[in-house]
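Residue numbers for the sequence shown, in our numbering: 1395 to 1904.
These aren't lab readings, by the way, just hints derived from the structure by calculation.
With a straight-line Cα cutoff of 25 angstroms, these simulated BS3-like cross-link-like pairs (lysine-lysine) come out:
id: 1; residue 1: K1560; residue 2: K1484
id: 2; residue 1: K1604; residue 2: K1485
id: 3; residue 1: K1484; residue 2: K1529
id: 4; residue 1: K1668; residue 2: K1760
id: 5; residue 1: K1847; residue 2: K1760
id: 6; residue 1: K1414; residue 2: K1485
id: 7; residue 1: K1485; residue 2: K1570
id: 8; residue 1: K1560; residue 2: K1571
id: 9; residue 1: K1604; residue 2: K1560
Quick list of the computed label-pair ranges, beta carbon to beta carbon:
id: 10; residue 1: F1871; residue 2: P1641; range: 41 to 51 angstroms
id: 11; residue 1: D1631; residue 2: P1898; range: 12 to 22 angstroms
id: 12; residue 1: Q1670; residue 2: N1769; range: 28 to 38 angstroms
id: 13; residue 1: Q1820; residue 2: G1713; range: 41 to 51 angstroms
id: 14; residue 1: P1898; residue 2: T1449; range: 47 to 57 angstroms
id: 15; residue 1: E1632; residue 2: P1799; range: 50 to 60 angstroms
id: 16; residue 1: K1668; residue 2: D1874; range: 28 to 38 angstroms
id: 17; residue 1: A1781; residue 2: P1564; range: 35 to 45 angstroms
id: 18; residue 1: V1716; residue 2: P1564; range: 32 to 42 angstroms
Keep in mind it's a predicted model, so treat the numbers as computed, not measured. Every residue gets a Cβ at the ideal spot worked out from N, C-alpha and C, and that includes glycine.
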Amino acid sequence: MSTPELSHSLRIAHLYDDLKIRLQELGNNHNKVTSNRKMVEKALQDGGAHYGINTGFGILANKRINDMELKTLQRNLILSHSVGVGNPIKKELSKLMLQFKIHALAQGFSGVSETTFNRLITLSELDLIPVVPEKGSVGASGDLAPLSHMCLPLIGLGYVWDADGKTQIPAMEALKKHGLEPIELQAKDGLALINGTQFMASYGAYVLEKATHLCKVADLLGAMSLEALQGSIKPFDERIHAIRPHPGQIKTAENVRNLLADSQILESHRDCGKVQDPYCLRCIPQVHGASKDSLNYAVRVVETEINSVTDNPLVFENGDIVSGGNFHGQPLALALDFAAIGLAELASISERRTYLLLEGHDGLPKLLMRETGTNSGFMIPQYTAAALVSENKVLCHPASVDTIPTSLGQEDHVSMGSVSAVKLLQVLQNVEYVLAIELFSSAQALDFRKPLKPGKGVEAAHNFIRSKVAHTEVDRFFNDDIHQCHELIYHPELIRIAEEASKPMNTCVY
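With these hints in hand, go ahead and build the complete structure from the sequences.
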């Protein structure tokens, strides 16, 4: 059978816009759900045993359930699997989980009832986003515990987030506020809801959508630091990268060349006699490029996953109900581990550039401050960057190499992809601050190169940064500056202004 044609597929680069369009489509038309559900109802009349529809689950798959208990079976499934622990995941991730589940069910292979499907859409439309704990999934059979918590509000249990995502509201209270009553789950509903990889996929999509932007930021900061350190542009020569044509490497070198166009600083030391720069400058294309290529792989995997059907059993157009293993999170587990490594390396090389900026090379004051002794200068922000980079080394140990059998051995190999997912977000958060510290430091260093101007793209970015964070001559409460710089790395104007002054940057991550 050919793969289903999607009326609107989801892409990481336009994730939130794509989801908005897809949900609008489903609010008006979900014929596939209706026709697919009829196959389940027909199966209930044929006298056969169908996994998860009129049998138990996991190791209990051979236990036949009589017709009078089918609804109880589905309700109990949600209740018994809602055993997650740990901190609740942020509202935005829970919302992605909910919307990815709706998108998957809408493809018409899950057999979910229209009542349940419509209620999921209603929860999304009303912003009644379930509270989901971060721990409890082993990544097969899908994300059972997190998805069970996500589904509790359907039956009036659990909690949802308030509008700002800070306060938890009992689900029944939130339903009543909107004139809604809990629904009764039908045969197959519970299993269709909680079998799937939407917890892992939401983390992957959330992080990778941000990572595509951070790749541009990393290139910009590399160019800023290179200018501040009077590094050489020769290692970015197009001919070097043409004979080692990794896509990320080629595009990174191109980005830096464009950002450095018309640089007075480069021109001022063109004949200085320096032979080679340290690797953190000279190998920016190779390191940043490799990270981009790893993230590009992860993007392809996650995009495939969020446009797939990952529950079990699956219901096909001819009435076949087939058990398989699409819920197994191994593709995501491997990709998310790889993405964490790629992201971590952007921070690792960034911290080395920050350290280099402090050493007093080529006329820069040591610790990036003229009067030190009573002033510590920029010494300690680098400590923070070093701590975060070190923590990432621990977090990048792959979760996907582990497995612990569950369900009395029926589920004898699991992916641990949920652990990969949670770690990936932690790595992202550390990378953000390491890049923020380089932004803080390289902007300070560039001030000391005046009146010489850097390349057009770097100059535009530097001027924008200085409009938000001031140069410093004496110690101050740098924590505020670092948090401001953290906000700046995601400020849409930072990259836009740099690109307008040079050329559009390419991340090779789509």
